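Q: Here's the letter readout for the chains.
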Amino acid sequence: SQQGEEDPQALSIQEGENATMNCSYKTSINNLQWYRQNSGRGLVHLILIRSNEREKHSGRLRVTLDTSKKSSSLLITASRAADTASYFCATDARGFKTIFGAGTRLFVKA
Amino acid sequence: NAGVTQTPKFQVLKTGQSMTLQCAQDMNHNSMYWYRQDPGMGLRLIYYSASEGTTDKGEVPNGYNVSRLNKREFSLRLESAAPSQTSVYFCASSEQAGQGAYQPQHFGDGTRLSIL
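First to last, the sequence lines map onto chains A and B. To convert, note that position 96 of the first sequence is 96 in my numbering; the numbers rise steadily by one, no gaps. Just remember that my numbering sits 1000 ahead of the position in the second sequence, which is counted from 1.
Treat the hints as calculated values from the structure; they're not laboratory data. One or more of the hints may lead you astray.
From the structure, some residues in chain A lie toward chain B, with a derived Cβ separation under 7 Å [stated by the list, open to error]:
(1) Gly16
(2) His45
(3) Asp92
(4) Ala102
(5) Gly103
(6) Arg105
(7) Val108
(8) Ala110
Below, a sample of chain B positions facing chain A; criterion: calculated Cβ distance under 7 Å [stated by the list, open to error]:
(9) Pro1039
(10) Leu1043
(11) Tyr1064
(12) Val1088
(13) Phe1090
Since the structure is predicted, the reported quantities are computational estimates derived from the model, not experimental observations. Heads up, the beta-carbon is just placed ideally off N, CA and C, and yes, glycines get one too.
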């Protein structure tokens, strides 16, 4: 069973637009992370938000967390072609075992 | 500046063959992990090693074995490969899992394994 589930599964936008991806999870968490995966590569950690935080920023990334709804969103502002990748949310409700969602595939058209 | 290195990058096996996937990290991390990634499934944890000398099962351990050879190296072995094990395998490491604050995982670029 998967803890995190992303929505939408795929997203196609024009360069310069904002991209929003959502993640829902099922059980209580300590924190939630977002990772990016470029085609043919491993995952790269983007940002972590703790369960007592509601919003966090890193460059063009903005992450929100709503623990009452068990959901998080990742916003990429002013997207670029280089942002084309898959984005995964991950939770660590079980200590050592980080649980990854199935991902959102983002395609940014130049 | 290598980070996590996985070998081989590609491999084709026949059903019943055995194989060991190698992983090494140069970041002095204590914890290491093996995942498999299947289309539409995200990553699933096969085995992990919280620290040198310990290994534990993840979500999908059946058909696999692991060895934490030393602090740097963590190998994954398929004793008798099956077509259901066709997947992309990722190794990852982190400073120390399970010690309160979450430690981001650093991933290798994967081994693409096909079993015929």
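Q: The structure should be examined with respect to each hint, and the outcome stated for every one.
A: Results for each hint:
A least Cβ separation of about 29 Å between Gly16(A) and chain B goes past the 7 Å threshold, and the interface hint is therefore violated. Hint on His45(A) holds. Least Cβ distance to chain B is approximately 4 Å, under the 7 Å limit. Given the 7 Å rule on beta carbons, the hint for Asp92(A) holds: about 5 Å separates it from the nearest Cβ of chain B. The interface hint given for Ala102(A) holds, since its Cβ lies 4 Å from the closest Cβ of chain B, which is under the 7 Å cut-off.
For Gly103(A), the shortest C-beta to C-beta distance to chain B is roughly 6 Å, which falls under 7 Å, so the interface hint holds. The beta carbon of Arg105(A) is not positioned within 7 Å of any beta carbon in chain B (closest approach about 10 Å), and the interface hint is therefore violated. Hint status for Val108(A): violated, given a least beta-carbon distance of 21 Å to chain B, over 7 Å. Violation of the interface hint for Ala110(A) is found here, the shortest Cβ-Cβ separation to chain B being roughly 25 Å, above the 7 Å cut-off.
The restraint placing Pro1039(B) at the interface with chain A is violated, with a minimum CB-CB distance near 9 Å, outside the 7 Å limit. About 4 Å separates the beta-carbon of Leu1043(B) from the nearest beta-carbon of chain A, less than 7 Å, and the hint is met. For Tyr1064(B), the interface hint is violated, the least distance from its beta-carbon to any beta-carbon of chain A being 16 Å, above 7 Å. Annotation: Val1088(B) was flagged as interfacial toward chain A, and the flag is violated, the nearest CB pair being 9 Å apart, outside 7 Å.
Interface hint at Phe1090(B): satisfied, since its Cβ lies 6 Å from the closest Cβ of chain A, which is below the 7 Å cut-off.
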